[in-house]
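A.B. asks: Residue-level listing of the chains:
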Amino acid sequence: MKKRKERKWLALLVVVAMICVMLAGCGGKGNGAENENGGTSSASQESEEGESTKIKADEAAAVSEIMENPAEKIVIAVDDDTIVAGPFANSSGVRNLTVYTLWGTLAYRPYIGAMLEDGGLELVMAKSITKEDDTTYDVEIYDNITDSLGNSIKASDIVFSLDKLSELGYITYINTYYESGEVVGDYEFKIHLKSGEEGAIEQVLVNGTICSQEWYEGASDDEIQADPATTGPYKVTNFQTGSGMTLEARDYWKTNDDDKSVVEYQNVKQIVIKSITEPSMRSVALENSEVDLAEINAIDLERFESNSEYHVTKYANAMNDYMIFNTSDDSVCSDVKVRQAVAYAFDTWTLLLANGHDQGELHHDVCPNATPDYVDDWDEDPYYEMDVEKAKELLKEAGYTEGELKIRILKNASAPNGPYESLQAMLISAGIDAEINQYDRSLFLTYMQDNTMWDITIYSEQVLDFTTTYWSALFSEKNYEHGTQGFTEDAELQKLLAAACADRSEENMNAFHDYYTEQCYMIGLYNETKSIVTQSGIKSLCLVRGDIVPQATVFDSGYASVE
Amino acid sequence: MIRYVVKRLVILIPTLLVVAIIMFTLMDFVPGDPAVIALGSGNHTQEEIELKRESMGLNKPYITRLGEYLGNLIFHFDFGTSIVDGTQIKTAISDRFPNTLKIALGSILVTIIVGLPLGVRTAVRANTWEDKISLFITLLLDCMPSFWVGLLLVLLFALKLGWLPSSGVGGLKYFVLPVIANSLGGLAGFTRQTRASMLEVIRSDLVTTARSKGLSEREVIYGHALPNALIPIITIVGMRFGQMLGGATIIEVIFSIPGLGPYLVNGIGSQDYTVVTGGIIFIAFSFAIIMLLTDLVYAFVDPRIKAQYVARNRKGGRKDE
Amino acid sequence: MSEENKKKELLEVKNLNVRYKSGQATVYAVNGISLELEKGQTLGLVGETGAGKTTIAKSILRILPDYAIETLEGEIYYEGKDILKLSDKELQNLRGHEISMIFQDPMTALNPVKTVSSQIAEGYRKHHGCPRAEANRKAVEMLEMVGIPGERADEYPHQFSGGMKQRVVIAMAMACSPKLLIADEPTTALDVTIQAQVLDLIKNVKEEIGTAMLLITHDLGVVAEVCDKVCVIYAGRIVESGSKEDIFDKPSHPYTRGLFAALPDLDKDVERLTPIEGLLPDPTVREDGCAFRSRCPHACHACREFDNELRELAPGHYTRCWRGLQDRED
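Protein chains in written order, with this note's numbering: chain A, 0 to 562; chain B, 1200 to 1520; chain C, 44 to 373.
Where hints are given, some of them may not hold.
[Unchecked claim] Listed below are the simulated DMTMM-like cross-link pairs for lysine to aspartate or glutamate, each with C-alpha atoms no more than 25 Å apart in a straight line:
#1 C:Lys222 x C:Glu330
#2 A:Lys126 x A:Asp256
#3 B:Lys1251 x A:Glu178
#4 A:Lys253 x A:Asp117
#5 C:Lys222 x B:Glu1416
#6 B:Lys1289 x A:Glu286
#7 B:Lys1372 x A:Asp117
#8 A:Lys2 x B:Glu1329
[Claimed, not checked] Here's a subset of chain B near chain A, in silico, CB distances under 8 Å, partners left out:
#9 Gly1231
#10 Thr1244
#11 Glu1246
#12 Gln1287
#13 Pro1297
#14 Val1464
In case anyone wonders, no lab produced these hints; they're calculated from the structure.
A virtual CB, placed ideally from N, CA and C, is assigned to each residue, including glycine.
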């Protein structure tokens, strides 16, 4: 009898405990966003505008020096596990790191916006490039190019590679601009472009990876992906799917150091690449002396910054965030006052902080100030700085009472929650009822093309060469079924864009910038400052906006790799 | 007995076919366009998308595509190519599976080596302090999330002590921490099941008979009780092993082991239809093989079951006076 | 009983008390049992189910379930040594070698995953330390002795019927030629025709090897066939004991008489059998006085104060009833 009573009490206790735990879990959620906003706001008081690092185009250049005695080895941790070594592949973390190390291209772009005309390009395989007309270029390549198996590379191989790349479709820019190649001699050929747009030839010269046709057609799929006959300064000596690879300097065909581009340096004999996708594990690997170089999150940065055994290199993230408004009739954002109200309701710096970063660059245009045609004055102009009163006023003018307006924010599930929750909180305090709709990546991309599914969203784009290129990617009706990325059908917008693309005069640039900013079609947000941490024996890194050229790293004399 | 094995293998084929058809059809229904995914991020014109659809053969009728897929699968063991990066799925699976297999095998071995003696001991000493402490510890380990345990192990053994590497693959030492982290979760369940099974058998008549013959306790427990308690234990081992072959994803991500887990999960995340379909079919296949092996182990352990397998071919069993 | 006989005695149980724990209550299974057995003799323990017979048997070999036992008191002398005080090692030497046991249910007594010959050979090898081959040969020999062809030595228990399984159990028990065999209801689980066979087998094997036997049964017919002496057990106590003739010809305790009266008799023409009225008393309760009084047709209030001592009616014939009904025969 006693046992039964005991059991009853025990059962009751368990039920009570379970209910308590359940309620405790529920209670936390609702307050999360507000607390976060409040918390991060106070942090931003300390790290205010002074932290905003501006890295301009000329600073973000790939510079290095050739070392007499190359270092033995460098071990690099990457955050991506798609390890590919083949000649033709998609862009990815590992790929951007190794594409020029393994594969030769016709030329290399050492900074954003480097142009052929100004001699900004560094020639790699090409000996000389002459413009015949807007869509035709003559190229002469070196006559002694060989790949790691000894095959010699001729003009026919170049044309084959460009055609192949175009066919496979991995690099969009090749497809966009490359029409065909015409072999003229053993080491001469012509490139025919689809359009004479500025930047077109550069894309082809810089992105077209070259391999030997004979080798490619005779090799098995495995060999192509894992043990290729490389045309760059390194070859693959060890390949592990999903885990990493080792690159070793080979007998490179170009012997005259003066002719070499930075991507052709061989400052280290062995480059070991390890894939470690978990950011905290990369920090551990660095601390544990398992790697020499790794990209570290802002959260983990502290213990490396104060430590003399490590060296921190900061750079501006290549991806730039911007906000898009759905201006189609299906959305509340078709009203410009609504758009402006939203724009005034939030503070961009807070969004950056909510993402866990404490350093970055605030933008005054969808495009960052990293391009040659960017007009510096824009940085001085007011740019929808947070003004809640104004936001509320605009809201009233648009005919909404407080809390009446409902806005749907489209979010990608793999994007961090911080900025979105922060945005939502700020909008709500301005009287706009904002709701976050989250979808997995592929569904997100699908819905981005559906104008009934969202009112605002945040997206990002990479800057390649010109502001106008950036603008075209977002606004040009040639790319979209319904006008722009935000479904904006505005003939005036297109006219101004075309004018700016044709002639990048300050007048035209201002015209377009002012127009779309006033219409508040899209707002530039920020790009955060990222950090690469290396062991102290590495003197300097060679990088352009986060894309490292490992073979051009400069090492201290006392450097020794961790392995 | 051979006939039994062959029969089971033959039944495997329609099972896998059904899995393949279901997966293929499901992926067809998932919203999103494979052509858009294959083209990658960035903006694409309708024209580009149409061209890609053509080249991927997406405009062909469902039956044709299904037939082609099944044909490739059965005759060439070809799972197709990933629509995101064009690599051979067959190659990726065969490169990655051995790593997952190593972790799975290691974990099962650790579970058995630690759990079996512990389970037997706590059954023999049921309700003593030893039993209660072991229950407490195994439950505690069971409740800890595997990734947390993994990180703790790394902090201790890699960072603080420096005995083992924190991530990657290579020799045996790279697999020590992942295997330990992976096995701790199932240890409690396995030990408790062993204990429960043993308790039942220990109180049975056959153990009394064995004791009455004058055998030592050890001979009674390990020679008579344990072999009879094995059936449910083997079931658990088989199921866990089959599960782990699907990839101990969390462990593989933390320790950067290139196994099936992250491959499949990334495939799902990027809606790489072919990878997901191929991966799941492969996992179904390996799971079925493991189940067959488990059933065979039963026959090895218990002659009554073996008799069942053999007798199925003839009418009526063998029983005489 | 007397000093001279002590040398002849193989087994002497003195005042055995066994109590089990069941939940919060205690079960008084065996209360002050004493009995003796000489070499080569067969003693029958008769009683209803639940009377405590199996507990006595298991106590001798000390194979009671440890976790359930609350008390185990008394003395059990085998060849002069107290079994209850032996070490584990000494016990293991005894079991299967000097004292063997046959169990009631042959279906569950054998290990299903081992061959029958290996189960027989195992005990043999353990106690004689001989090589496997010799033990296997002995196993086959034993199987033949119990009537199972040697070709079937490598088969598994599930391939045999109930009767044959029991034969295997017998073979296992007799393999080391034990001096004492405890048979706990060996034929209860078998059909009547097989019963006779197995009983004969036990008798023959016993005679061949010269084993003493403690036969536990509820079947008086079996007792008549095989036993020399009989002890009648009720509620954990011996209520009457004596030679087979004593018990069968002159039953004195009302319980014993009730047992005999309940047997179906072909000569009598009755419509209903005559069972003993009532049920066994609650084993968790220990009362003073005679335990049988609630069911005894002759009970009176003097029985309540009965001291539960055995009374000798004739040499070797004891009863635990103060009336001593021997002279009031019908």
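A.B. asks: Now tell me if each hint is right for this structure.
C.D. replies: Now the hints, each set against the structure:
1. Proposed proximity of Lys222 of chain C and Glu330 of chain C is contradicted: the alpha carbons are some 38 Å apart, above 25 Å.
2. Straight-line distance between C-alpha atoms of Lys126 of chain A and Asp256 of chain A comes to about 14 Å, which keeps the hinted pair within the 25 Å bound.
3. This hinted pair checks out: Lys1251 of chain B and Glu178 of chain A have alpha carbons roughly 18 Å apart, not beyond 25 Å.
4. Between Lys253 of chain A and Asp117 of chain A the CA atoms are separated by roughly 24 Å; this keeps the pair inside 25 Å, and the hint holds.
5. Straight-line distance between C-alpha atoms of Lys222 of chain C and Glu1416 of chain B comes to about 23 Å, which keeps the hinted pair within the 25 Å bound.
6. Taken as a hint, the Lys1289 of chain B and Glu286 of chain A pair is broken in the structure, with Cα atoms around 37 Å apart against an allowance of 25 Å.
7. A C-alpha spacing of about 54 Å is found between Lys1372 of chain B and Asp117 of chain A, which places the hinted pair above 25 Å, so the restraint is violated.
8. Restraint check for Lys2 of chain A and Glu1329 of chain B: satisfied, since their Cα atoms lie roughly 23 Å apart, inside the 25 Å limit.
9. The beta carbon of Gly1231 of chain B comes within 4 Å of a beta carbon in chain A, closer than 8 Å, and the hint placing it at the interface holds.
10. Satisfaction of the interface hint for Thr1244 of chain B is found here, the shortest Cβ-Cβ separation to chain A being roughly 6 Å, below the 8 Å cut-off.
11. Taken as an interface hint, Glu1246 of chain B does not check out: its beta carbon lies about 11 Å from the nearest beta carbon of chain A, beyond 8 Å.
12. The criterion of a C-beta within 8 Å of any C-beta in chain A is met by Gln1287 of chain B, whose closest approach is roughly 6 Å, and the hint holds.
13. The interface hint given for Pro1297 of chain B is broken, as the beta carbon of that residue sits about 10 Å from the closest beta carbon of chain A, more than 8 Å.
14. A least Cβ separation of about 11 Å between Val1464 of chain B and chain A goes past the 8 Å threshold, and the interface hint is therefore violated.
Comparing the model with each earlier hint shows violations of hints 1, 6, 7, 11, 13, 14; every other hint is respected.
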